[in-house]
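All chains, full assembly: derive it from the sequences and hints.
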Amino acid sequence: MADYLVIVESPAKAKTIERYLGKKYKVKASMGHIRDLPKSQMGINVEESFEPRYITIRGKGPVLKELKSAAKKVKKVYLAADPDREGEAIAWHLAHSLNIDENSDCRVVFNEITKDAIKESFKHPRSINMDLVDAQQARRILDRLVGYNISPLLWKKVKKGLSAGRVQSVAVKMIIDRENEIKAFIPEEYWSIDAAFQSGKNSFEGAFYGVDGEKVSLASEEEVQEILGKLSGNNFQVDKVNKRERKRNPAAPFTTSSLQQEAARKLNFRARKTMMVAQQLYEGIDLGKKEGGITGLITYMRTDSTRISNTAKEESANFIKETYGEEFLGAGAKAKKTEGAQDAHEGIRPTSAFRHPDSVKAILSRDQFRLYKLIWERFIASQMSQAVLDTMTVHLTNEGVEFRATGSKVKFKGFMKVYVEGNDDNKDEKDKMLPNLEEGMQVKAEEITPNQHFTQPPPRYTEARLVRTMEEQGIGRPSTFAPTLDTIQRRGYVTLDNKRFVPTELGEIVIDILKEFFPEIIDLEFTVKMEEDLDHVEDGKTQWVTIIDEFYKGFDTRLEKAEQEMEKIEIRDEPAGIDCEECGHEMVYKMGRYGKFLACSNFPDCRNTKPILKKIGVTCPKCKEGEVVERKSKKNRVFYGCDRYPDCDFLSWDKPISRPCPKCSSMLVEKKAKKGTQITCSSCDYKEEVQQ
Numbered sequence: 001m002a003d004y005l006v007i008v009e010s011p012a013k014a015k016t017i018e019r020y021l022g023k024k025y026k027v028k029a030s031m032g033h034i035r036d037l038p039k040s041q042m043g044i045n046v047e048e049s050f051e052p053r054y055i056t057i058r059g060k061g062p063v064l065k066e067l068k069s070a071a072k073k074v075k076k077v078y079l080a081a082d083p084d085r086e087g088e089a090i091a092w093h094l095a096h097s098l099n100i101d102e103n104s105d106c107r108v109v110f111n112e113i114t115k116d117a118i119k120e121s122f123k124h125p126r127s128i129n130m131d132l133v134d135a136q137q138a139r140r141i142l143d144r145l146v147g148y149n150i151s152p153l154l155w156k157k158v159k160k161g162l163s164a165g166r167v168q169s170v171a172v173k174m175i176i177d178r179e180n181e182i183k184a185f186i187p188e189e190y191w192s193i194d195a196a197f198q199s200g201k202n203s204f205e206g207a208f209y210g211v212d213g214e215k216v217s218l219a220s221e222e223e224v225q226e227i228l229g230k231l232s233g234n235n236f237q238v239d240k241v242n243k244r245e246r247k248r249n250p251a252a253p254f255t256t257s258s259l260q261q262e263a264a265r266k267l268n269f270r271a272r273k274t275m276m277v278a279q280q281l282y283e284g285i286d287l288g289k290k291e292g293g294i295t296g297l298i299t300y301m302r303t304d305s306t307r308i309s310n311t312a313k314e315e316s317a318n319f320i321k322e323t324y325g326e327e328f329l330g331a332g333a334k335a336k337k338t339e340g341a342q343d344a345h346e347g348i349r350p351t352s353a354f355r356h357p358d359s360v361k362a363i364l365s366r367d368q369f370r371l372y373k374l375i376w377e378r379f380i381a382s383q384m385s386q387a388v389l390d391t392m393t394v395h396l397t398n399e400g401v402e403f404r405a406t407g408s409k410v411k412f413k414g415f416m417k418v419y420v421e422g423n424d425d426n427k428d429e430k431d432k433m434l435p436n437l438e439e440g441m442q443v444k445a446e447e448i449t450p451n452q453h454f455t456q457p458p459p460r461y462t463e464a465r466l467v468r469t470m471e472e473q474g475i476g477r478p479s480t481f482a483p484t485l486d487t488i489q490r491r492g493y494v495t496l497d498n499k500r501f502v503p504t505e506l507g508e509i510v511i512d513i514l515k516e517f518f519p520e521i522i523d524l525e526f527t528v529k530m531e532e533d534l535d536h537v538e539d540g541k542t543q544w545v546t547i548i549d550e551f552y553k554g555f556d557t558r559l560e561k562a563e564q565e566m567e568k569i570e571i572r573d574e575p576a577g578i579d580c581e582e583c584g585h586e587m588v589y590k591m592g593r594y595g596k597f598l599a600c601s602n603f604p605d606c607r608n609t610k611p612i613l614k615k616i617g618v619t620c621p622k623c624k625e626g627e628v629v630e631r632k633s634k635k636n637r638v639f640y641g642c643d644r645y646p647d648c649d650f651l652s653w654d655k656p657i658s659r660p661c662p663k664c665s666s667m668l669v670e671k672k673a674k675k676g677t678q679i680t681c682s683s684c685d686y687k688e689e690v691q692q
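Residue numbers (the UniProt record's numbering): 1 to 692.
Do not rely on the hints blindly, as some may be mistaken.
[As the list claims (entries may be wrong)] Below, a list of computed lysine-lysine pairs in the DSSO-like style, where the Cα atoms sit at most 27 Å apart:
| # | residue 1 | residue 2 |
| --- | --- | --- |
| 1 | Lys672 | Lys614 |
| 2 | Lys590 | Lys541 |
| 3 | Lys615 | Lys183 |
| 4 | Lys183 | Lys156 |
| 5 | Lys373 | Lys411 |
| 6 | Lys115 | Lys290 |
| 7 | Lys411 | Lys243 |
| 8 | Lys655 | Lys624 |
| 9 | Lys240 | Lys444 |
| 10 | Lys614 | Lys568 |
| 11 | Lys115 | Lys289 |
| 12 | Lys24 | Lys115 |
| 13 | Lys266 | Lys373 |
[Said to hold, decoys possible] Per label pair, the in silico range of CB-to-CB distance:
| # | residue 1 | residue 2 | range |
| --- | --- | --- | --- |
| 14 | Asp647 | Gly577 | 23 to 29 Å |
| 15 | Ser151 | Asn180 | 22 to 28 Å |
| 16 | Asp390 | Pro459 | 54 to 60 Å |
| 17 | Ser658 | Gly577 | 23 to 29 Å |
| 18 | Gly577 | Asp556 | 46 to 52 Å |
| 19 | Lys499 | Leu231 | 39 to 45 Å |
| 20 | Thr406 | Asp177 | 33 to 39 Å |
Keep in mind the hints are simulated off the structure, nothing from the lab.
Where a beta carbon is used, it is the ideal one built from N, C-alpha and C, also for glycine.
Pasting the structure below:
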């Protein structure tokens, strides 16, 4: 019989840890939280220092009974929930339910699920950190006070099923504010002048810089023509050649936020999917008996620190020297400490630098492999040497009119041999070297092309951009980003259009209400300060009751005012202008989980619904009768099909265009390219140049 009981959160971890610890230990899973505030009521006594009333979560009775029974049969119980605020709170609730002294050395934490890390952590058990528990408890109570007071008001005044929360409301407001910026944006005209130069057999590109050494911005075609009028012929002189060596540093290991952003850019993963797959890699994958069975492949994935342990640094250094050579070993990317970051544990990294992604590819699912490869490459690169680039800038003049050409080439790859960080602008990383040019040389401008441009509004938020902005502004914490994005979509406050957030009418109505009656809930500074206050609770500098009391005084007053003054808002269904083909009543637009759709106004007697079909002005290439319309899949991905479906099953993920291929007369489609849109044939190899 076992001498010790270890309680973790998930069954996957339980099996792995039990194998590492041996026969004296029995490891069981609590399946997450055992106790929580009741769902059916507030569960907080605001008259008695906001005392929370915790109950056993429905359905967890049998689990708790099993844990109590197992606890009676052992000498000691260890609580090994995740190493963060929520994990500490789970351990505290378990201690309360199992009558364990929270001041005893009952708490064990580890950052990775490997044999050495687990055994080492059990050498250093500690008491439950009540500052961490209080910080989590304060967040939970604060969110409950907001949600359980404002949400019923929204149900009564607007629509059932709505909710309001601190972080989610700020996120929706950010999306709405960005949409308003886009609507209010007034494009401004500007021009550029590009030139294709020839030097002997070598060609290269340059762009207009200015006149007589001064930079000049071009606002109109008249200004462009004035510049072109200054030119004398098409011969330019090389006035100056600047050559220099530039060093580029590797990116730091992943935090939760940067992992979600990079997985979105490089793998097309949603934030929720990234965290789900990362959880699987953390909890353990069965590598087979030879490799040690079930093993955690990455360290804990909820972190805002980029710090790396000395052991991990030493191991990665050995791997880099053995694999790439001594010259590729660097000092390691400098750990960044974001203001307000908890720095409780390391950045996200592989548990072994020597476990190359290719060695586990056959064992992992496609998603697991791709995410593990991303994490492994990012970490190894972070410990490698700088990349060295040769850069060259050439100044070319004709009658005082100056063009400049720039080029660069990787001289020493360094960390770039393994990994290069992605970016939101899809900038090309390819070399672009200029020919050997010297001062005084003459080059010929084969072509000079003026280009008209208009300034663009700020882009809508993608998931990656929104996560990055929330992190930069100090809104929420690593564990809250993915759930927040999921909640605002499920509530119908925002939708995704071409992978970018667009606010719905419902979202705008809710934010307008909050703006009028509860301005602090959507106030950025208030939200950031609240996160800082919670950090102060964790650090033991502030009592959690003080923070809640300070918030509730003003909130309670505004709540009473809202109850009396908030008017009922009726969201009327917009007439669609067509009749229902089943009962003859008018069809209306309704808002659903995946956006607007058509429904019969005679609901519930008639339940006819239809998707909204957006015609693109193209005749169906398959049946030659119907029209091609834009549709959306259940995952909100746009595709194109015939409006005669199901009679015609034509489908295309790329947007068809109205003219046929000049080469084979097949359908031409628009495909997204790095710099715009490219026209390609659906049958042959015909392509048209990318449209800027």
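Hints versus structure:
1. Proximity of Lys672 to Lys614 is assessed by CA-CA distance (about 20 Å); at most 27 Å being required, the pair is judged to hold.
2. Using a Cα cut-off of 27 Å, the hinted pair Lys590 and Lys541 is violated, with the two alpha carbons roughly 50 Å apart.
3. For the suggested pair Lys615 and Lys183, the alpha carbons sit about 24 Å apart, so the restraint of at most 27 Å is met.
4. With a C-alpha separation of about 31 Å, the suggested pair Lys183 and Lys156 falls outside the 27 Å cut-off, and the hint is violated.
5. Pair hint Lys373 plus Lys411 holds up; C-alpha atoms about 26 Å apart against a cutoff of 27 Å.
6. Restraint check: the Cα-Cα separation between Lys115 and Lys290 comes to about 14 Å, which is no more than 27 Å; the hinted pair holds.
7. Between the alpha carbons of Lys411 and Lys243 the distance comes to roughly 13 Å, so the proposed pair stays at or under 27 Å and holds.
8. For the proposed pair Lys655 and Lys624, the alpha carbon gap of about 17 Å is at most 27 Å, so the pair holds.
9. For the given pair, Lys240 sits about 16 Å from Lys444 by alpha-carbon distance, which is consistent with the 27 Å threshold.
10. In summary, the hint linking Lys614 to Lys568 is not supported, as the alpha carbons are separated by about 33 Å, beyond the 27 Å threshold.
11. With a CA separation close to 14 Å, the supplied pair Lys115 and Lys289 stays within the 27 Å bound.
12. Pair hint Lys24 plus Lys115 holds up; C-alpha atoms about 16 Å apart against a cutoff of 27 Å.
13. Taking the CA atoms of Lys266 and Lys373, the gap is about 11 Å. The hint holds against a cut of 27 Å.
14. In this structure the supplied range 23 to 29 Å holds for Asp647 paired with Gly577, their Cβ-Cβ distance being about 24 Å.
15. Judged by the Cβ atoms, the range 22 to 28 Å given for Ser151 and Asn180 holds: they are separated by roughly 25 Å.
16. Checked against the given bound of 54 to 60 Å, the beta carbons of Asp390 and Pro459, roughly 33 Å apart, lie outside it.
17. The hinted range of 23 to 29 Å is satisfied by Ser658 and Gly577, whose Cβ atoms lie roughly 26 Å apart.
18. Taken as a hint, the range 46 to 52 Å holds for the pair Gly577 and Asp556, whose Cβ atoms sit roughly 47 Å apart.
19. For Lys499 and Leu231, the hinted distance range of 39 to 45 Å is satisfied, since their beta carbons lie about 44 Å from each other.
20. At about 36 Å, the beta-carbon gap between Thr406 and Asp177 stays in the expected band of 33 to 39 Å.
The structure fails hints 2, 4, 10, 16 (numbered hints given earlier, in ascending order).
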